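Same order as they appear, the protein sequences are chains A and B.
The first sequence begins at 1 in our numbering and counts up by one.
The second sequence begins at 1001 in our numbering and counts up by one.
Please note that the accuracy of each hint is not assured.
Simulated crosslink set (BS3-like; lysine-lysine; CA at most 25 Å straight-line) [claimed, not checked]:
| no. | chain 1 | residue 1 | chain 2 | residue 2 |
| --- | --- | --- | --- | --- |
| 1 | B | Lys1176 | B | Lys1010 |
| 2 | B | Lys1273 | A | Lys200 |
| 3 | B | Lys1384 | A | Lys200 |
| 4 | B | Lys1301 | B | Lys1384 |
| 5 | A | Lys197 | B | Lys1357 |
| 6 | A | Lys79 | B | Lys1010 |
Everything labelled a hint here was simulated from the structure, so no lab data went into it.
In this text the structure is predicted, and so the values were computed from the model without any measurement.
These are the residues of each chain, in order.
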Amino acid sequence: MKAIVLMKQTPDTAQLSASMDGLKLMAEGGPRIVNPWDEYAIETGLTLAEDHGGEAVLLTMGKPESTEAIKTGLAMGCKGATLLTDDAFENSDSLATARILTAAIQQQGDYDIILAGKSAIDGDTAQTAVQVAALLGIPYLGYVAKIEAIDFDAKTITVVRAIDSGRETVTSSLPAVVSVLKEIGEPRYPSFMGIRKAAKAKIPEMGLADLGLSADEVGAAGSNVQWPEVTLPPAQETQLELIEGEPEEAAKVLVQKLLAEKVI
Amino acid sequence: MDFSLTEEHKMLQKAARDFAAERVRPLIREYDPLHKFPRELLPEMAEMGLLGVCIPVKYGGAGFDYISLGIVSEAMEWADASVRETIAVHTALNSLGIFQWGTEAQKQKYLVPQAKGEKIACFGLTEPGAGSDVAALSTRAKKVGDTYLLTGEKMWITLADIADHFLIFAKTDPEKRHRGISAFIVERDFPGIQTGTIEGKMGVWTSNTGWVRMDNCEVPAENMLGEEGEGFKIAMSCLDNARYTVAAGAVGIMRACLEASVAYAHQRETFGKPIAQHQLVQQLIANISQRHDIGELLVQKVGWMKNMGIRNTRETSLAKAYCTEAAFASASDAVQVHGAYGYSSEYDVERHLRNSKAAVIYEGTTQIHQLLQAQYALGFKVDKPLRRELPPYDAALWG
């Protein structure tokens, strides 16, 4: 079994402040982390590898400093990684990014499943994984909360997806692109032995020429979406009111207040 | 001179700090009022490699250096003293003792499962009547054939009720003071050993502290660590390792107190402005910040000396004494920054203040360390080479 995990390094949005807005953080660096949603994809790949044999490998498009995030994935247990990096990739939108990832996947040889987090916490488009599936011409299973059954010999997968109206169980052929939610399983901590191996690892890189892409397919030239300005959402004014008293009485007061505010 | 951490160190630090923030601190906040030992953390710590962080891979460890032992100690005590105490006792006092003084057979039998975290180990030196005055210990070891019979009681033993293995110090020659002490590796299953928990501590409520009672406890002669009469030197060398973790942990307390105080000072307003704008509050925060940075430098130096294989008894003693007193003062200052809220268990600084008092007493009181420092300065004490020194860190040998 071979799982390819699409992993992105993102700014640490918990560190964002009014003095360091999102655009500045993305452009000038700052605290960066593995996209938290992708940690769940890594965990899924590692669990599949443990349960079925085989390996999970990472595929990342980003700046050279993305190796830091890649090494975290390796320390968690991924067996290999490729960094897709080139000045020409700068300012790629999700479709251009998907073209780059797809070209790299097509050079990876046989694979059984492609995993991704449901979205990235920076752009938050949730488009890249589905666009990769479309470009590869394989099924896309989005917002997966649970892998109900998987058979790599029969090349089938049954998953539980979260949808607006509840949950649905879907069976698909493999290979497929699967984007996962938190419920899929808590990501493991990197092991110290894994850290020692990862710290020494040399991450192979691929650029525009290696992937056989032309400059007008990637970067700003290959993108329809531009990001002229990125700002923090306005701070929300909140008020806290503690309702004193016994739980039964407090609940009654709470209901009255919620009704008055037209919340219920 | 290079103060920067290696990439490996930075990754280790991040993993340890993430674990402390996401797993350890929430559990401690829940268990501290219940005085409950967070036993479920042990398999998780073992899985990560925390329990054998600086032990070579061939002996079951993660193969990091001694600086890394300081890094994880600092990260754990940022959350709570008790988890760092587990590392101090299991890894520094016991496992590194076996690594330094043990035979190959002892390393294979005891160090390997300990470094993997499959067995938990503790250290039995202190007695009801022998703390700082180690030579006054009264536990006896009498040789009968191929067995030593140990009789006596140990007190204030961290992990007493948890540990599978004990490193027990007993007198094989009661006529001699410290030269009559020998060290023994004792298993919980050996006949004649009992343990119990001590209640009523001021702090470190989630740490298991107890007593160990031995009544003709049968220990095979092959379980003597080092040579007969070498126990005092072994104990002191183990303390050099554990005191380093205590000092590093105290730096973690200071980081926690600094972070909490800074956050609170920005958020809390009095007289129409955040208290961070009041100069006397700034003074408290400056003091914590200053102590933290001084302590960090002392700890880093000891870690470097250990890596280089340079004897560090004086420097470790200095770091332990300074950092623990600085952590106690910083926790007190942090409570002061928080005002009445700091005096409440709702805020971590209250717990840090209670916890930090313990560390100025255990592993040598501040006063014992002051005497040591004076003896070194006055030339009354000079460290002599040991028969077996703690091996300097060698990445190739550590695996």
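Okay, the hints, checked on the actual structure:
1. Lys1176(B) x Lys1010(B): This hinted pair is violated, its Cα atoms lying about 48 Å apart.
2. Lys1273(B) x Lys200(A): Status violated; Cα separation ~50 Å.
3. Lys1384(B) x Lys200(A): Outside the cut-off at roughly 38 Å; violated.
4. Lys1301(B) x Lys1384(B): holds, 21 Å
5. Lys197(A) x Lys1357(B): violated, 39 Å
6. Lys79(A) x Lys1010(B): Distance ~21 Å between Lys79(A) and Lys1010(B) Cα, so the pair holds.
Violated hints for the displayed structure, listed by number in ascending order: 1, 2, 3 and 5.
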